[in-house]
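Student: Chains as they are written, first to last, in the working numbering: chain U, 15 to 569; chain V, 212 to 399.
Keep in mind the hints are simulated off the structure, nothing from the lab.
Nothing here was measured: the structure is a model prediction, and the numbers come from that model.
A virtual CB, placed ideally from N, CA and C, is assigned to each residue, including glycine.
Take these hints with a grain of salt, some might be off.
[To be verified] The following label-pair restraints were derived from C-beta to C-beta distances:
(1) V:Asp354 with U:Asn406: 33 to 43 Å
(2) V:Ser270 with U:Asp330: 18 to 28 Å
(3) V:Asp331 with U:Ala550: 48 to 58 Å
[To be verified] Quick partial rundown of chain V residues pointing at chain U, CB under 7 Å, derived from the structure:
(4) Arg279
(5) Ser282
(6) Ile283
(7) Met343
(8) Thr346
(9) Asn382
(10) Ala383
(11) Ser389
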Amino acid sequence: MRVFNPLCLWDTTAAYRCGLQILLLVFSLLGSMSAAAFTKTWNPFGYSNYAVVNYPYTTAPPVYASKQAFCEGYLPLIGASVSNVCYESSVGDYCVPKGFPCIAQDGSPNAWSYSDTAISPQPVCTYANVGADRPVIDTRPPRPRSVRANVGWSGSASVCGCINSDLQLIPDVIPDLNTGWCYDPFGLDYVISTTRYTPSTAKTPVALTVIVRRSYELAPNTPITLRVTSADGTPGTITPASGVTDANGELTASYTFPQFDKKQVDVIEIGCDSCMFNPTHVNITMAPTVVGFFNGVWNTRKQATDGLAALTTATDAVRDSISVRYELFYNQTGCGHVGTTCLQDLAEVFIQRSQQLDGVLSNRWEHFWDLVGGRHTAPQSSTGGLLGLLGNASTALVQLLDSIFNALLAQVFAGYAQMLSSPPTGADMATHISKLQAYADQDYSFVLIAHSQGNLFVNTAYDNLRSSRPNSSAKVVHIAPASPTTRGDYVLADIDLVINGLRVQGITSVPSANISLPTSRADASGHTLVGTYLDASRAALGWVQNMIKAAIAAL
Amino acid sequence: MLTTCRSHICHATTWRAAQWAACSLLTLNLVACGDGSGASAPATDVPTTLKAQITQLESSGALPALDRSSSIAGPDVNNNGVRDDIEAYITHLPLTPAQQRAALQDAKATQMTLTVDLTDKVALQKVGDALMASTKCLGKNLDENSSEMSSRIESMTANTSERAKRYLEYNAARSGSSTSWPNGDTCE
Chain U
15 MRVFNPLCLW DTTAAYRCGL QILLLVFSLL GSMSAAAFTK TWNPFGYSNY
65 AVVNYPYTTA PPVYASKQAF CEGYLPLIGA SVSNVCYESS VGDYCVPKGF
115 PCIAQDGSPN AWSYSDTAIS PQPVCTYANV GADRPVIDTR PPRPRSVRAN
165 VGWSGSASVC GCINSDLQLI PDVIPDLNTG WCYDPFGLDY VISTTRYTPS
215 TAKTPVALTV IVRRSYELAP NTPITLRVTS ADGTPGTITP ASGVTDANGE
265 LTASYTFPQF DKKQVDVIEI GCDSCMFNPT HVNITMAPTV VGFFNGVWNT
315 RKQATDGLAA LTTATDAVRD SISVRYELFY NQTGCGHVGT TCLQDLAEVF
365 IQRSQQLDGV LSNRWEHFWD LVGGRHTAPQ SSTGGLLGLL GNASTALVQL
415 LDSIFNALLA QVFAGYAQML SSPPTGADMA THISKLQAYA DQDYSFVLIA
465 HSQGNLFVNT AYDNLRSSRP NSSAKVVHIA PASPTTRGDY VLADIDLVIN
515 GLRVQGITSV PSANISLPTS RADASGHTLV GTYLDASRAA LGWVQNMIKA
565 AIAAL
Chain V
212 MLTTCRSHIC HATTWRAAQW AACSLLTLNL VACGDGSGAS APATDVPTTL
262 KAQITQLESS GALPALDRSS SIAGPDVNNN GVRDDIEAYI THLPLTPAQQ
312 RAALQDAKAT QMTLTVDLTD KVALQKVGDA LMASTKCLGK NLDENSSEMS
362 SRIESMTANT SERAKRYLEY NAARSGSSTS WPNGDTCE
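In isolation and in its complexed conformation, chain U is listed as follows (with noise of 0.2 Å):
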């Protein structure tokens, strides 16, 4: 077996000197590499499509028959003493123009034999042409090199390989046939700008660059394709879809995130045909941004839902094709009633209440449900229907509903204080932590949006997420909060009856009022998530998508 070092490949009368140690060396380090030999079909390095920008090809080589035909390094194969073969010189060696095959000793054709015309194309050995007048292989390697091995066949003769003396493919070594050498197979790297979707980046491209090394230099003119694949949906693209490294051995490449309504992985495919592990791959992981609702807890559970698709309306207005993943976050409780919800508190209000005038409300729970969401005086709500119809006659239904929405409130303020000085704990949202928490180990990142009480439970919700799951990403936005304590921005009408009230109860601790709205009689208590702060027609609305807006860019 004849391998050379470095150093011996500039001198070939000292070649024959390198001795096993250096190839113990490089093979001690090919060793950690894949066992399998590492053979490679013609065209080794696609080369035919792109070295010829530095290797033009020309005519078949000329023969120099009064040299001594020697073909140094490819022994045994080729004959030492084969006329008109190879041929040797300080610089390089000369192989056989198209028609005169090389010829092993066992008398053989080789390999890389141009006369072998049912491979094609055919590289190099003979008709390789890297100067004015030498066809051929050029024995000097790009520096460094590494190891240097025969090149020759085993095998199938379609199959060019490095061999050693026993004409045993040596595993893991790449024949160069534009030199003649066996390298180590290319060595691709990469660097990539992220792995990682994340909202605020989400529209920048991420910036790809493949590196090739030979050894240790760079490697130019080597061709790369890239491809995106996906099993989980729709994949991102990238450009271009291949191409040649440059003069640094680099190829610069984008890819673009897709839409995507779930966890996805993207797979960026490179493919390096001359390098050792080809493919590579690069996993880019996304996963939409949860824009989580936590409802006021008087909210039914499709008031909520309601709620939350109004909140959808108002996000998807803004979110810049931001990937989002709506979610409810539905909670009723902490209103200090053991066994009862706090909604079911306000029934038993309505319950005494209706009993009035005659119990005329008493089986009529329409008007129950309008009261709570504010709604009694809206012209659209059964209440107002009513109402309007009576006329002047529903003086007195009118104040047996103003009573019993003030009875109502009333409820609604000691529950709200109830809640206030005992905040629900982490134990009582457990589910809910569990959710975020199974989220967050999918790489989901995190709007969570919160509506009156809500922003009580939110702000629990928030602070166990970054506490259980720090690198989590969060941003929290509070809407008519009464918690003396957010997590965000939020917004707080004057006109928030519940809220102020909290204050005419003696509770100060709650924020101040930011925003002043006009009232409406679509939500007479100027609270309600959809009737009030949602309105499309007054000013909350945009103060709302504004903070959503700055949430989702600052994740």
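Since the structure of chain U is provided, determine the placement of chain V on it from the hints.
Tutor: What follows is chain V alone, placed relative to chain U:
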């Protein structure tokens, strides 16, 4: 023939419930809906009590006559999952066919909240998903009026003591749950 409301006055119609519904749903600044004469109720046999007045409005069709039986599910003769009185209300609203289907889908999903087994978490989640789907479908078809329609259907569905109690229990059972907003077209 249905009607429209202009200048706070609703014009004559052949079906007063439709008139009432159209007025109440479509006129934001509506003060009063009547028969166009300015009277709130028929001129004859004016009832003397508030209860009687409301009953008369219902029997006359000026107000939708909701079922107020003690049955939680209420009548559903055609077995389509929507209570008959609510179905009648929806089908007489001046809605496009797609809007009407969306409203009926929401009514059906809301009705499911009264009949679902509250101990069956899988069933509860299915109802929750159905409500999400119907809410999204309403929004797609009724735009800014969807919230009003959703609220109206809810209040009409849980309109008696028994139904309200059951509905409160349903909501209590859902406390602590989380549900994702559905993707795609959720209309049935």
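Student: Hint by hint, note whether the structure agrees.
Tutor: Hint-by-hint comparison with the structure:
Distance hint check: the CB atoms of Asp354 of chain V and Asn406 of chain U are about 35 Å apart, consistent with the given range 33 to 43 Å. Against the hinted window of 18 to 28 Å, the Cβ-Cβ separation of Ser270 of chain V and Asp330 of chain U comes to about 45 Å, which falls outside the hint. For the pair Asp331 of chain V and Ala550 of chain U, the beta carbons lie near 39 Å from each other, so the given range of 48 to 58 Å is not met. Restraint check, Arg279 of chain V versus chain U: the minimum CB separation of about 6 Å is within 7 Å; hint holds.
Evaluation of the Ser282 of chain V hint against chain U yields a violated restraint, the C-beta minimum of about 13 Å exceeding 7 Å. Hint on Ile283 of chain V is violated. Least Cβ distance to chain U is approximately 12 Å, over the 7 Å limit. For Met343 of chain V, the interface hint holds, the least distance from its beta-carbon to any beta-carbon of chain U being 6 Å, beneath 7 Å. The interface hint given for Thr346 of chain V is met, as the beta carbon of that residue sits about 5 Å from the closest beta carbon of chain U, less than 7 Å.
The criterion of a C-beta within 7 Å of any C-beta in chain U is met by Asn382 of chain V, whose closest approach is roughly 5 Å, and the hint holds. Taking 7 Å as the C-beta contact cut-off toward chain U, the hint placing Ala383 of chain V at the interface holds, the least distance being around 5 Å. Hint status for Ser389 of chain V relative to chain U: holds, with the closest Cβ pair at about 5 Å, below 7 Å.
Hints 2, 3, 5, 6 from the earlier list are contradicted by this structure; the remaining hints agree with it.
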